[in-house]
Amino acid sequence: MSSPRSTRHQASPDHVVRRRRDAALGRARSITKTVAVASVAAVAAFGIYISRALPGHAATSHTSSGSTVSPSDGSTSTGNDSGGGQSPSDLAPPSSPPAQSQQRAPVVSGSS
Amino acid sequence: MVDTALVGVGRNLAVYRTTRWSTSVELVVTDPRAVAPATAVLHRELDRVEQVASRFRPDSEIVRLQEATTRAPSWAQPVSDDLYEAMAIAVRAAALTDGAVDPTVGSALCELGYDRDFSALADGVAGRLPAARPVPGWQTITVDAERRAIGLLPGTVLDLGATAKAWAADRASAAIAGELDCGVLVSLGGDLAVHNAPDGGFSVGIADVCGDQTTTVQVSVASGGLATSGIGRRHWMLGRHPVHHLVHPETGRPVDSYWRTVSVAAGSCVDANTASTASMVKGVGAVTWLEERSLPARLVRTDGLCLTAAHWPKDAEGGPAPQSVDR
Chain A
1 MSSPRSTRHQ ASPDHVVRRR RDAALGRARS ITKTVAVASV AAVAAFGIYI
51 SRALPGHAAT SHTSSGSTVS PSDGSTSTGN DSGGGQSPSD LAPPSSPPAQ
101 SQQRAPVVSG SS
Chain B
1001 MVDTALVGVG RNLAVYRTTR WSTSVELVVT DPRAVAPATA VLHRELDRVE
1051 QVASRFRPDS EIVRLQEATT RAPSWAQPVS DDLYEAMAIA VRAAALTDGA
1101 VDPTVGSALC ELGYDRDFSA LADGVAGRLP AARPVPGWQT ITVDAERRAI
1151 GLLPGTVLDL GATAKAWAAD RASAAIAGEL DCGVLVSLGG DLAVHNAPDG
1201 GFSVGIADVC GDQTTTVQVS VASGGLATSG IGRRHWMLGR HPVHHLVHPE
1251 TGRPVDSYWR TVSVAAGSCV DANTASTASM VKGVGAVTWL EERSLPARLV
1301 RTDGLCLTAA HWPKDAEGGP APQSVDR
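Top line first, the protein sequences correspond to chains A and B. The numbering of the first sequence is the numbering used here, which starts it at 1 and goes up by one. The numbering of the second sequence is the numbering used here, which starts it at 1001 and goes up by one.
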């Protein structure tokens, strides 16, 4: 049920102005929200790009010899024939340690 | 290339020797008929590594990368697969040694006079010991895996000496074994890589240089790599100061070494040389560091005391002296 007074109120110029104001504020809020979301997305994308491009950072990949390189944490596993079973982020021990030898040595390590 | 010789050792081994990069190059194969083709493969691989990673060749790719970075700083420059791999190995070595083996020590070495081939340092160089300051640091290197690109801070001078020579030994050894199907040992200045070793492995002398005296012990190596780092050979005079090639990344000055010689065996020559060089830099903490990584090692202190780590064998007594190396 509506009273004559409320009918007059809805039709008043003030009400029209308020409705227009509210509509304008709604549009402004929508635009602000869009700009904020776009800004956050842009910052995130730029951050991802920077994380890959700045010195000292890089993505993981495979080298031509089959090594896995993760310079971001510095881990690599070379494609050698070691049997040490170490994780790629370790220096690989030999499959067997050097043994004593009485044989004539054709090469010397450490002499040059 | 000078001083090239083919030397037979035993009935089933053949040895080829030469000199490159101011150091000895030795190739041992288990099939004497394979010496000639193996030698060709060896030099092909050494040529390639030199073309990519030598800081003494103005036309090498690494020097051109440094020049391009200085001329036009950018995020990263695309490089060949070989230089990318060399840099990735160097960065990995730095990361796995907490920066003890740092490829950005090039400027520090140049300031110490090591800006030319080592053979040119025999008479010493003029100059004074530079002030202590840290090198740029391996963390400043960009390794862009997607673009196969490398980025440097302008002015960075790289020295891949701790990894590139060992990488060359690994490459050459693997290529010879793969292409010629024989047992092979490649030694570049004593950093050696082994593939398809005969029963009992290859016998290798381990040298400890102290002044004019060199003592050696023998071990056999069946796989992977072995490297020895020390301050006994690569040293020279900078003005009145004796200096050597092992630079501490935190000071840019030669390591005040606790060890005279460190020999390490590992799954590859790169890993062996990375560990031996790092041990020289780490000093007294190296034994524990090596033990934790199960890397067999023989360490000789500057006072001559010998220690071993991770199942390195005791020195054999009364073994024959290793064959002398002509240089």
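Please keep in mind that the hints were generated in silico from the structure rather than gathered at the bench. The reader is advised that the hints may include incorrect statements.
Here chain A is said to cover these stretches of chain B; the calculated rule only asks that three of the stretch's residues, wherever they fall, bring their Cβ under 8 Å from a Cβ of chain A [unchecked claim]:
1. 1012-1026
2. 1029-1041
3. 1051-1065
4. 1100-1106
5. 1195-1208
6. 1291-1304
Bear in mind the structure is a predicted one, so any value in this text is a computation, not a measurement. Even for Gly, the Cβ is constructed at its ideal location relative to N, Cα and C.
A quick look at each hint next to the structure:
| no. | hint | verdict |
| --- | --- | --- |
| 1 | 1012-1026 | holds (count 5) |
| 2 | 1029-1041 | violated (count 0) |
| 3 | 1051-1065 | violated (count 0) |
| 4 | 1100-1106 | violated (count 0) |
| 5 | 1195-1208 | holds (count 10) |
| 6 | 1291-1304 | holds (count 4) |
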